[in-house]
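A.B. asks: Chains as they are written, first to last, in the working numbering: chain A, 1 to 351; chain B, 1 to 542.
No lab work stands behind these hints: they were computed from the structure.
Treat the hints with care, since some could be wrong.
To be verified - Reference listing, derived: stretches of chain A covered by chain B, where coverage requires no fewer than 3 residues with Cβ under 8 Å from a Cβ of chain B:
#1 64-77
#2 142-150
#3 187-201
#4 205-219
#5 223-230
Stated by the list, open to error - Where chain A lies over chain B, by a calculated footprint (3+ residues, C-beta under 8 Å):
#6 61-71
#7 123-136
#8 192-204
#9 372-380
#10 420-429
Computed from a prediction, not measured in an experiment: that's the story for all the values here.
Cβ coordinates follow ideal geometry from the N, Cα and C atoms, glycine included.
Here is how the chains run, residue by residue.
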Amino acid sequence: MKTKLIGLGLLAAVVIAAVIYAAVGRSRAVTEINGYVGGEKIGFLEDQEVREIIKDRYDLTIDYSKAGSIDMLTADPEGRSFLFPSNSTALELYEQMNGDPVKSEIIFNTPIVLYTRSAVAEALIAEGIASEQDGVRHVDMEKLTEYIEAGKTWAEIGIPELYGSITVGTTDPTKSNSGNMFAGLLANTLSGGVAGAEDLPEILPRLQAIFTKLGYMESSSSDLFDQFLKTGMGAKPLIAGYESQLLEFAAENPDTWEQIKGDIVMLYPTPTVWSSHVYIALDEAGTAGIDALLDEDVQRLAWEKHGFRTGLYDAPADVEHFGVPGLAKEITQVAPMPGAGVMEEIIKALQ
Amino acid sequence: MKIRKLGKRLTALLLTALLLAAVLPGCGFGGGSDVEAEREADTVLGSGSRVLRIISGSENKELEPIIEEFADEEGVRIEMTYQGSLDIMRLLEEDEIPYDAVWPASSLWLSVGDTGHRIKHAESVSVTPVVFGIRMSLAEELGFTGREVSVNDLLSAIRDGKLKFCMTSATQSNSGASAYIGFLYALLGNPEVITSEDLQDEELKTQIRELLSGVDRSSGSSDWLKDMFLEGDYDAMVNYECLIIQANEQLEARGEEPLYTVYPYDGLSLADSPLGYVDNGDDGIEELFLEFQEYLLSGETQNEIQRTGRRSGYTGINEENRDVFREDWGVQPDRILSPIKMPEADVLLECLNLYQTDFKKPSLNVYCLDYSSSMSGEGNEQLVEAMEQLLIQENAEKNFLQASENEINILIPFNGEVIGVYRAEGSGSELEELYDVVKDQRVGGGTDMYAAATEGLHLLAGYDLSRYTPAIILLTDGQSGGYFQDFEDAYEALGEEVPVFSIMFGDADEYQLEELAEYTNARVFDGRENLTEAFRSVKGYN
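With these hints in hand, go ahead and build the complete structure from the sequences.
C.D. replies: What follows is the structure, given as structure tokens:
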């Protein structure tokens, strides 16, 4: 009896000691880094599988605050080890402001696309603004911009249920990346090629006119996309976003996606621009994030669960598993973004 | 002996374990962050050591049973504090946010306020448009049923004196702000967006003043506007579709005429009800927040939320909920809700300032303030401090509570009798002089709030009340002498609906105050926790 009790006591002691050891051991080994992240990558960074791989293999947890890709450049860097904006222009601007970062690396890419509802897509196709090829829909940016600048209304293209004139809802281009990149895309469209400094006098007033029409703009792409899905066709008939947003939504909410996929349409601008998600380490601790995010399995999860295209830019990807109709296997028609200097002028003009 | 020794060691180990658990982050159950909550919650749902403190728009009061279900099931405590969406916006600009989650009516206020990027995981819980609810027979008479109605249609009915309506204050509540922006927009001839230059237009100024003169009663909160509407005799209100539906359910239960829902097609706005997490750095609370959010967004709960008249989910109104969105009430469950574009943040704030200082129907406030002996010391200090926030315009402006040019403020300090009457017109020096009176008035004597309120009514009789939004704001800290009957007689003689808002302080008799509030279709604010806050709220109602 006595020995039995002692045995139990010992066992308990060992268990408790083990628990404490594990707790202390873990809390010591794992480094937590904190930085600013564009809203569209939050689902990826919150992914338990991703977090576990990063924790187990790299002894790291990545914490973040949400901030627009442009906003984060001027946000308070106190206590932040990295920035994770969504375009390489942000990196160029960072370099202009602060010189070379400790380290930086492109983690993955996703093209800018437009999202709309099937009724609007049909009207756009009937109007010759959009077209379909092998099940993938494209939007003719030049023609769409013409309609926007002319102030054509939705009613004029056959959708009287929609109030007001044709616009593309975007995030605030002076604060957030998808809006900023869409402004770059529009600048290219208005210049008939990649917009350069010489095009600015001509295109800046036109860009201002287009964006002024939008009034209040969201400062985060994920909020805009959430509103697109939830407030319905009337509130957000046509928005600019990332291809990854819909892929992630479909992967995370298969049942809901099954119900609404007949109504949600993705349109690829021709040409589009790449949103390159570049990780900028602000200090030594921050550099650990790069290796972790480039881990083979993390990269695989980034595509399969969150829709970010990894690896080579134009490598065809396996698209079947998303169950998203109209998802392009490869993105072939892409133009570079205007240079950082030009983008800076554009942001200034839109402020 | 050996056992005892081991036992001791075991105890020591256990103690260490407990200590470690308390020290290691994420292991303890966080009962809120270190920041002391500024005021007590309005409603506490469930109980437990895990606490989630939410600051929310008042429209979510209707969701309390759904929230409580979660709290009970999970054994957690959810504290709901209700404030206007604009208050929530201003809160987000503060250094410290003493809540774990924010739940305003519209994401507009989140994005405008959250300049410090402290809100995470914000997701829309449901959507409801801001609409006009008009008494069925009146809506028919005005020809607003069964057809598309523009803001200008509504405006001409208001101009012709055929339609009076209630709406919340545009500087305090989202539904009022949305409707007001819709009005501006229509009066400007539906431009793409409202610009700063547009607001300088003299014709617009005249028209919007004229339009807002049709506002019967105002309120600082949408849910209370609905309650007030149900207690009074009004023709119409601007409110959320979901609250019109709920008002109708009650009207119908009482055998009264329901409201017809009018969606102004060129001035519509949507409330998307975003619930976001305030990142104060506590993982335990973040986890609880996410569990709560997941519960709200689950298919089953979304369906329950839909049954309260909110548009939830991704696929429109379910077949089984069609009986809630009744088409005979003018509700259009399948309508494509196409809202106007909100102006950019700077212009939006300019619109709100103009509303407060110029466009809205001027307020006529009668402050009856208790200077009886029991107020001496701390009570009086708090009163002076609170009035400083309202009367000194530099302070008032921070909360969009500044006076307008034509506003009238009357001060009646009282004890066992009326001590004096002081008036201030406009927003200039007279108003700040009132503050000197508040500060310098000596304390002493008994309490008769009825005498003061009755004096207020006599004074109001000297004004053309159709030009003002009148209210008596009464602060008292003790059992009142005098007679309710005297007040009642004066009220009937005046023959106008003037709300008597009261602020309960010290040992005030809640029954006496409730009686006044009920009789005048007003409400009682609790100033015992935070008097300044109570004065601010009450001013938001007028």
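A.B. asks: Among all the numbered hints in the text so far, which are the ones the structure does not match?
C.D. replies: 2, 3, 6, 9 and 10
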